[in-house]
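So the chains spell out like this:
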Amino acid sequence: MKNTKMTLSTETMNLDFVRKVEALSGSSVRRCFQCGKCTAGCPMRSFMEHPPNRIMRLLQLGQWERILAGRSIWYCASCETCSTRCPNKVDLAAIMDALRKLSWDANGPSKESYVQLANRLFIENIKTYGRQYEMRLGAVFNVKSGQFLKDLLLGPKLLSRGKLKMFHSKNKNITEIENIFNRIEEMRKNSSKF
Amino acid sequence: MKNILTYSYYPGCSLHASGKEYDISTRGLFKALKIGLKEVPDWFCCGATPAHNVDELLSLSLCAKNLSLAAEVKGDLAVACAACFSRLKTTQHRLADNPEKRKQVEHAIAGSVPEKKVKHLLEILAKDYGLEQLREAVTKPLSGLKVACYYGCLLTRPPEVPELDCTEAPTIMERVIGATGAETVAWSHRLECCGANFTLSRPGVVLKLSGDILASAKAAGADCLMVACPLCHGNLDIRQAEIEEATGIRYNMPVFYMTQLLALAAGVPAAKLGFDSMIVSPLPLLKEKNLL
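So the protein lines, in turn, are chains A and B.
Just so you know, we're using my numbering here: the first sequence kicks off at 1 and counts up by one.
Just so you know, we're using my numbering here: the second sequence kicks off at 1 and counts up by one.
Think of the hints as simulated: they come from the structure by calculation, not from any bench.
Be aware that a few hints might be false.
What the hints assert, rightly or not - Derived contacts from chain B toward chain A, CB cut-off under 8 Å, selection only:
| no. | residue |
| --- | --- |
| 1 | 31 |
| 2 | 52 |
| 3 | 61 |
| 4 | 93 |
| 5 | 127 |
| 6 | 193 |
| 7 | 281 |
Unchecked claim - If you want the footprint, here are the derived chain B segments under chain A, 3+ residues with CB under 8 Å:
| no. | region |
| --- | --- |
| 8 | 9-18 |
| 9 | 103-116 |
| 10 | 178-189 |
| 11 | 217-227 |
Idealized CB from N, CA, C, for every residue including glycine.
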């Protein structure tokens with residue numbers, strides 16, 4: 001964050017958001033003392049504009065809008081290395097989940113769309129089929145992301161080895177999954193807690 | 001001979017498609033070892049990373065639903081995929097000391113979340129079946145084969161969830177494959193992330209991370225990699241040709257599922273282990289080592 005002017009005031013420090021993150025993640029934001037161990041072990045740090053320890057600092061300073069506007073939270077691989085190694089028991093992997101959820105629910109301003117698209121299609125597949133349908137996942141992703149030629153050579157290799165199924169039947173108990181999705185939606189309508 | 005072991009089995013989505021050789025070899029191995037394995041009928045996707053990434057309640061509910069389906073089948077729940085294993089165990093861990101969360105999940109699945117012991121295949125082989133017995137079951141020792149055991153993320157992290165082995169310096173894979181007489185190499189990247197589900201959204205990430213893993217295994221003198229997760233396998237095997245193209249380094253490094261190597265050592269015919277499904281063919285290596 002070299003050469004970036006940072007304005008701190010009670011107006012910029014929206015701590016309500018930080019409290020939401022703490023409630024969702026079950027982890028304290030304040031406990032982080034910036035040792036940097038999370039970033040040292042993070043396999044994705046080179047892909048992030050804000051590495052993990054800086055995400056924690058920005059949160060502590062209430063600068064969450066800068067986090068959500070960037071790509072970093074969507075480039076976290078959920079490898080759990082940070083949570084494993086934190087010397088002060090900050091569950092950073094859970095905090096990343098909470099940040100993504102808040103950004104996702106708010107249809108957040110992040111520029112990272114491919115990871116969110118992949119997540120959305122993955123979850124849609126569960127709702128429609130009960131299980132993953134890898135062929136559809138790849139094909140729809142390519143169409144919706146406009147990358148029609150992506151992995152074009154991989155498809156035939158996988159198909160010829162029986163690793164991709166052209167057709168996929170739904171679980172016969174699929175209504176049970178639909179019901180779970182519906183009940184969660186209902187719960188959210190009635191409470192802002194989830 | 002100990003009591004006959006029997007497990008309920010949650011293969012997970014990948015094992016019915018891109019990771020089918022993991023499923024085939026798991027069934028083959030368990031049959032050879034006379035361990036009972038019964039697939040949970042009509043199981044659902046565990047939600048994997050995309051679900052917990054954006055919706056914890058959905059993620060917990062999907063896993064809780066699967067646990068309740070699994071409760072109908074006798075025996076501890078055997079899980080092959082490291083990601084499914086992690087999600088199921090995480091769900092149990094999160095619900096154990098959080099009655100409020102448990103209530104929400106039970107409302108979402110309209111039922112209770114049963115107690116069910118969830119075990120990764122590694123735990124079943126190393127602890128329940130036991131290394132001693134595993135050694136006795138070997139009819140074709142894999143001596144001369146240098147294996148780099150790759151754990152990836154979710155078999156050991158975070159420490160309070162999988163409870164499989166030491167978090168930062170596990171040896172369970174080395175011990176299990178060591179029982180076949182194979183040689184294991186010491187190498188740097190066995191716990192590093194392979195890029196996991198970025199394979200769909202951002203394959204460039206996978207090429208970098210999995211490329212580093214292959215380079216490290218090669219530098220340690222390994223003949224092959226051994227994995228216990230279909231996502232790791234997909235990245236290291238299916239994307240290996242792209243990694244070679246991007247880095248200009250030729251690896252030609254077969255990536256085995258641990259059950260393929262164990263089943264081979266336990267006398268299951270090679271034709272029944274799905275070797276022909278792998279993108280990097282292991283047949284030249286196995287021929288060279290007189291293991292076919």
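- [ ] Determine which of the earlier numbered hints do not hold for this structure and return their numbers in increasing order.
- [x] 1, 4, 5, 7, 10, 11
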